[in-house]
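The listed protein sequences correspond, in order, to chains A and B.
Sequential numbering from 1 applies to the first sequence in full-length UniProt numbering.
Sequential numbering from 1 applies to the second sequence in full-length UniProt numbering.
I should point out that these hints are in silico values taken from the structure, not numbers from a laboratory.
Misleading hints may appear alongside valid ones.
[As the list claims (entries may be wrong)] Not everything, but these chain A residues come out facing chain B in the computed CB check (under 10 Å):
id	residue
1	Ala43
2	Tyr129
3	Ala139
[Claimed, not checked] Far from chain A by the CB rule (all over 12 Å, computed), these chain B residues:
id	residue
4	Ile30
5	Gly109
6	Pro240
7	Ser322
8	Thr359
9	Glu381
10	Ile393
For every residue, glycine included, the Cβ atom is placed at its ideal position computed from N, Cα and C.
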Amino acid sequence: MNVQAVNLAIAGSKDAFISLIRESEQMMYAIGKGLLKNDADIADAIQETILKSYNGIGKLRDPAYFRTWLIRILINECRQTIRQNNKYIPLSISHAQGVIDASPSERMEMEDLLAGLDLDHREVVVLYYLDDLSIKDIAQLLDLSENTVKSRLYRARAKLASLLKETEALEGLK
Amino acid sequence: MNRIHSAIDDQIRNRLRPQSGVPHAVKARIDAVLEGLPNKMTDESESSDPSVIPVTSVKSRAFSGRRKRTIVACMTICAIAGSLLFAAGSSSFADAFKPIIHSIFTWKGDKGLSGDGSGAQSAASELPILAERESNGYILRIHEAKYDGLRLSFSYSLVGAGKQDGRKLYITPAFQLDSKIKKLDPGMLKSDSGAKWGEDRVGIVNYFFDQDMPDLLELHVTVPQLAFMNGEDHGQTTVPGDWSFQLDVRKTGSVSSRLYGADNSVTEGGALFRATGSRNSPLASEWRLKWELPQQLVDRYMESGRYRMKYSVQTDHGEVLSFVTEVTSHRIDDRTLPLAEQTYLEDIRLLAEPVASGTKTVTITPVLMDFPETEKEAYKEVILKQFSIVVPITDAALR
């Protein structure tokens with residue numbers, strides 16, 4: 001992450017902020033995709049994240065934490081979407097929500113794997129594997145102890161490993 | 001971490017990491033949000049107003065004591081005035097962070113409605129207004145309309161929703177077409193998808209026709225109420241008013257239809273899945289499918305509500321179509337037969353974005369959704385590859 005750009009964005013530079021978001025958009029999409037079920041929800045969560053971070057970046061004290069700060073906002077937005085989706089599915093668009101927008105085999109593969117995990121474990125997996133964050137960073141980001149992150153990661157890893165084994169066995173049969 | 005773990009970690013990482021970039025619809029939304037960000041006017045390079053003091057220079061400047069006190073006093077007054085203004089008009093503050101939208105059709109990422117489907121911004125510098133109506137403190141504006149005989153869509157914004165707590169509410173204007181159009185096509189389907197726009201709301205209303213429609217539609221749309229749905233506790237309230245409007249929309253493009261026979265069907269384990277027809281237009285595509293299942297199978301698996309079916313429609317270019325809406329109807333073929341001989345028939349009508357020009361075939365695949373009965377189990381999807389059907393399409397009216 002370009003610290004100078006973060007400093008400029010903190011000082012109010014819109015161009016610097018846009019360049020930071022451009023650098024982060026692939027990462028934000030990967031996290032959103034790991035936690036949410038469809039691209040419409042991911043777009044909503046990223047939109048809110050961009051607006052909130054633009055609004056609040058002036059309060060960011062340490063530029064080195066821009067990335068984790070941005071991810072924290074995004075995860076909160078994703079959690080809110082998941083809570084809303086669990087409680088209320090608008091009838092008129094409920095079927096359209098299941099849209100597969102990325103390449104289908106890729107999407108299904110990822111969904112199949114992550115579907116085996118609950119949200120707590122999914123968050124840890126997405127941050128660890130998709131975003132390469134350290135256990136310490138994940139612990140700070142999710143307000144958990146490092147031991148809790150490790151144990152969630154351990155359980156998730158075991159489950160994913162067994163799912164992968166099953167998939168390979170099935171592929172071997174084809 | 002030992003070697004076994006490392007190998008598993010690499011395997012998991014490779015499987016989870018997306019191979020493709022950010023998809024069109026998400027990318028278009030990010031572009032629109034970034035383009036709509038207001039200037040903070042605190043950076044020298046971006047501020048053309050000489051009265052604005054850049055924050056960077058304020059921070060680095062050394063002050064004399066008197067000047068410092070004067071500035072602190074001014075800042076205090078500004079802060080108090082600012083907080084009063086903020087308290088009095090927080091929706092204006094929210095409005096400052098509202099994304100600028102040139103086209104709701106493009107912003108929502110609907111390939112059928114965003115012109116060439118590239119997601120490029122509309123040439124228009126402002127969102128057009130085709131109709132506007134204010135009632136009960138809410139302004140409903142109709143911005144864009146498209147119609148091609150298969151699909152009619154118009155985009156709207158609803159301003160004033162910030163009067164409520166916008167984070168908790170889904171707001172839907174109750175659009176009702178006049179009876180003359182309903183008579184032309186009783187089987188017409190409607191869908192409405194909305195999104196947050198600052199503290200307000202924007203959305204697209206779609207109607208899909210299954211009859212030949214006239215070239216000119218004289219729309220008389222009644223909007224007698226707004227429905228507010230509380231996302232927290234499912235509570236629903238309505239706000240009455242009159243946001244009705246009139247709009248003439250002219251047909252552009254044409255609709256090509258194709259019927260399918262027994263060649264486009266699969267039988268497996270006593271279940272028959274077939275494609276019965278498709279229609280294509282520049283704004284949409286329609287796919288008609290049919291299941292014939294032993295009633296006993298349906299009783300055993302589908303009645304519990306645990307399982308539901310969705311579909312993937314993929315073109316020969318590898319593009320997976322996004323669905324706008326769908327409708328299903330079902331019946332039992334002959335109830336006088338013993339249960340073991342009864343057949344369950346289900347008709348499915350899928351409405352999706354249009355297929356790209358040059359497409360010759362699409363592959364339709366059912367996907368079984370498994371909603372677990374307990375929270376301990378995870379939601380699953382099973383792709384029913386054994387029921388995949390490849391169907392040809394008529395390349396006459398594509399985008």
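Structure-based check of each hint:
no.	hint	verdict
1	Ala43	holds (4 Å)
2	Tyr129	holds (5 Å)
3	Ala139	violated (17 Å)
4	Ile30	violated (6 Å)
5	Gly109	violated (7 Å)
6	Pro240	holds (21 Å)
7	Ser322	violated (4 Å)
8	Thr359	holds (16 Å)
9	Glu381	violated (6 Å)
10	Ile393	holds (18 Å)
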